[in-house]
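Sequences and hints are given; from them, build the entire structure.
Residue numbers (our numbering), protein chains in the order written: chain R, 1 to 358; chain B, 359 to 468.
Check each hint, because a few of them may be wrong.
[Said to hold, decoys possible] Derived list of chain R stretches under chain B, where covered just means 3 residues or more per stretch with a C-beta under 8 Å from a C-beta of chain B:
1. 146–160
2. 168–180
3. 195–205
4. 250–256
5. 269–276
[Claimed, not checked] Far from chain B, some chain R residues (derived; all Cβ distances over 12 Å):
6. G164
7. A244
8. T312
In short, the hints are calculated from the structure, not lab data.
We treat Cβ as the ideally placed atom computed from N, Cα and C, and that holds for glycine.
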Amino acid sequence: MASDGVCFIVPPHVLVQMIEEGSPEVRTSAVNTLAISERVRERRAVTRRLVQHEPQAAAALLLPPTGERRTVYDVHNGSQGDLPGTRARGEGEPAAEDAAVNQAYDGAGATFDFYQSVFDRNSVDGQGLELVSSVHFEASYDNAFWDGGQMVYGDGDDQMFKRGGFTECLDVMAHELTHGVTQFTAGLRYRVQSGALNESFSDIFGSLVKQRSLGQTADQADWLIGEGIMGPQLPGPALRSLKAPGTAFQFDNQPAHMDHYIQLPDDGDPHHDHGGVHINSGIPNHAFFLAAIALGGNAWEKAGTIWYTTLTTRLNENSDFQAAADATVDVSGKLYGAGGTEEQAIRAAWEQVGITPA
Amino acid sequence: MRVSVVRGGGFGGLIRTTTADAKRLSPDDRQKLAVLVRRAGLFDAPTAPNSEEPEPDRFTYAVTVEHEGKRRKIGFSERSLPEGVRNLISWVATVDGHEESIEPPGGAKR
Numbered sequence: 001m002a003s004d005g006v007c008f009i010v011p012p013h014v015l016v017q018m019i020e021e022g023s024p025e026v027r028t029s030a031v032n033t034l035a036i037s038e039r040v041r042e043r044r045a046v047t048r049r050l051v052q053h054e055p056q057a058a059a060a061l062l063l064p065p066t067g068e069r070r071t072v073y074d075v076h077n078g079s080q081g082d083l084p085g086t087r088a089r090g091e092g093e094p095a096a097e098d099a100a101v102n103q104a105y106d107g108a109g110a111t112f113d114f115y116q117s118v119f120d121r122n123s124v125d126g127q128g129l130e131l132v133s134s135v136h137f138e139a140s141y142d143n144a145f146w147d148g149g150q151m152v153y154g155d156g157d158d159q160m161f162k163r164g165g166f167t168e169c170l171d172v173m174a175h176e177l178t179h180g181v182t183q184f185t186a187g188l189r190y191r192v193q194s195g196a197l198n199e200s201f202s203d204i205f206g207s208l209v210k211q212r213s214l215g216q217t218a219d220q221a222d223w224l225i226g227e228g229i230m231g232p233q234l235p236g237p238a239l240r241s242l243k244a245p246g247t248a249f250q251f252d253n254q255p256a257h258m259d260h261y262i263q264l265p266d267d268g269d270p271h272h273d274h275g276g277v278h279i280n281s282g283i284p285n286h287a288f289f290l291a292a293i294a295l296g297g298n299a300w301e302k303a304g305t306i307w308y309t310t311l312t313t314r315l316n317e318n319s320d321f322q323a324a325a326d327a328t329v330d331v332s333g334k335l336y337g338a339g340g341t342e343e344q345a346i347r348a349a350w351e352q353v354g355i356t357p358a
Numbered sequence: 359m360r361v362s363v364v365r366g367g368g369f370g371g372l373i374r375t376t377t378a379d380a381k382r383l384s385p386d387d388r389q390k391l392a393v394l395v396r397r398a399g400l401f402d403a404p405t406a407p408n409s410e411e412p413e414p415d416r417f418t419y420a421v422t423v424e425h426e427g428k429r430r431k432i433g434f435s436e437r438s439l440p441e442g443v444r445n446l447i448s449w450v451a452t453v454d455g456h457e458e459s460i461e462p463p464g465g466a467k468r
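If you want it as structure tokens, here you go:
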């Protein structure tokens, strides 16, 4: 074996197949073999394929358990093959010179604390997965994403999105990290209604992390996603609104009701957004907003708990809006009393967006 | 020669279309376009639909090349974008004389 890497006797793709299809003993052996690879890049490449089918095995491979809560890397305008980049700030270390590094560090911390304090959840996988973030991805990259194992932030292009905007915005960071939570729980497929639900949970918990950090009740919150990151090509205060879908910025076309659900083919055409996942998410987003307002107080408490319980214990990869409505109503009855004001409020919220829960 | 790149998805789900039409480029850039298209191997790449599972907030691309009566359109996910195609896309987005438009997800005309 080379000292700077591992020469696989069994090729990585075969090990993946063993993990996906093998008996428990074969699986464990294959996972262990992959885990000893010192070539982080190789390990991560294999892990991405696993993430979709075997998230627990993938989690075991992603990074060695270091006990670190979060680490921020600078990928120096490199691309996905260069992730995570050079280590810029580890857990407990003092602030770096680079504001983006510090913002990503704080955003990961705030999101971790939210899930831990509010829902007793230990990181996105519930098992203390180290939160890795890389900043300065590519050049003028106007996006941020969770890649199945870590957070990745571009700098923005100052046209669509402000330079530095993604790491300045806590709800953006928490939105992306919540994709991780979904990946390890319901696994909602990123297409059509399950995809719109996936987007909605990320917007909802993105907003809740922000609301709790500001100590805002449901009626004090602005319920905006991406406020302050909009560049000159996208005129308006924010990217999306849970309170008033369709009003956040000039091109916001989100519906707030099933009557305006936009049917788009799930055909991989970039015009079609995998069946409108970023568009139709306005409907379940608005249902949550209505529920939170009706319940009053802090939105993350009752409404947040109902939605979190639904995501992590009731939904599956193909769940649609109806399934989410049915489950949230049922969960609210189980948690707070069948037929109680909570259950009635959740039921009414879904009815107001055009879905009748069972 | 005309290259049109449609990019959808990302955090906002927005659609950005950038086009480089040789008619509107300088002679040097016209040549550069041809070189980049050749290096991107677009006329050799398979047009089979992308069967990968879509990933949250990643981009999806459709690149269309028109040249001497031939037209080819190929889809890519951000993760599987070959380097030659990525270079072509970056260049089309910034070259003098390129055109650009932004629409909401689903397209402006509904």
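Hint check results:
Figure legend: the region 146–160 of chain R, annotated as covered by chain B; annotation consistent (4 residues with Cβ-Cβ distances under 8 Å, at least 3 required). For the region 168–180 of chain R, the assignment as covered by chain B holds, since 4 residues bring a beta-carbon within under 8 Å of that chain's beta-carbons and 3 suffice. Only residues whose C-beta sits within less than 8 Å of a C-beta in chain B count toward coverage, and the region 195–205 of chain R has 4 of them, enough to reach three; the restraint holds. A count of 3 residues in the region 250–256 of chain R with a Cβ less than 8 Å from any Cβ of chain B is obtained; the coverage claim is therefore met, three being the minimum.
A count of 7 residues in the region 269–276 of chain R with a Cβ less than 8 Å from any Cβ of chain B is obtained; the coverage claim is therefore met, three being the minimum. Distance to chain B confirms G164 of chain R as a non-interface residue, since its nearest Cβ pair spans about 15 Å, more than 12 Å. For A244 of chain R, the condition that its CB be more than 12 Å from all CB atoms of chain B holds, with the nearest at approximately 16 Å. Against chain B, the non-interface label of T312 of chain R holds: every CB pair exceeds 12 Å, the least being about 17 Å.
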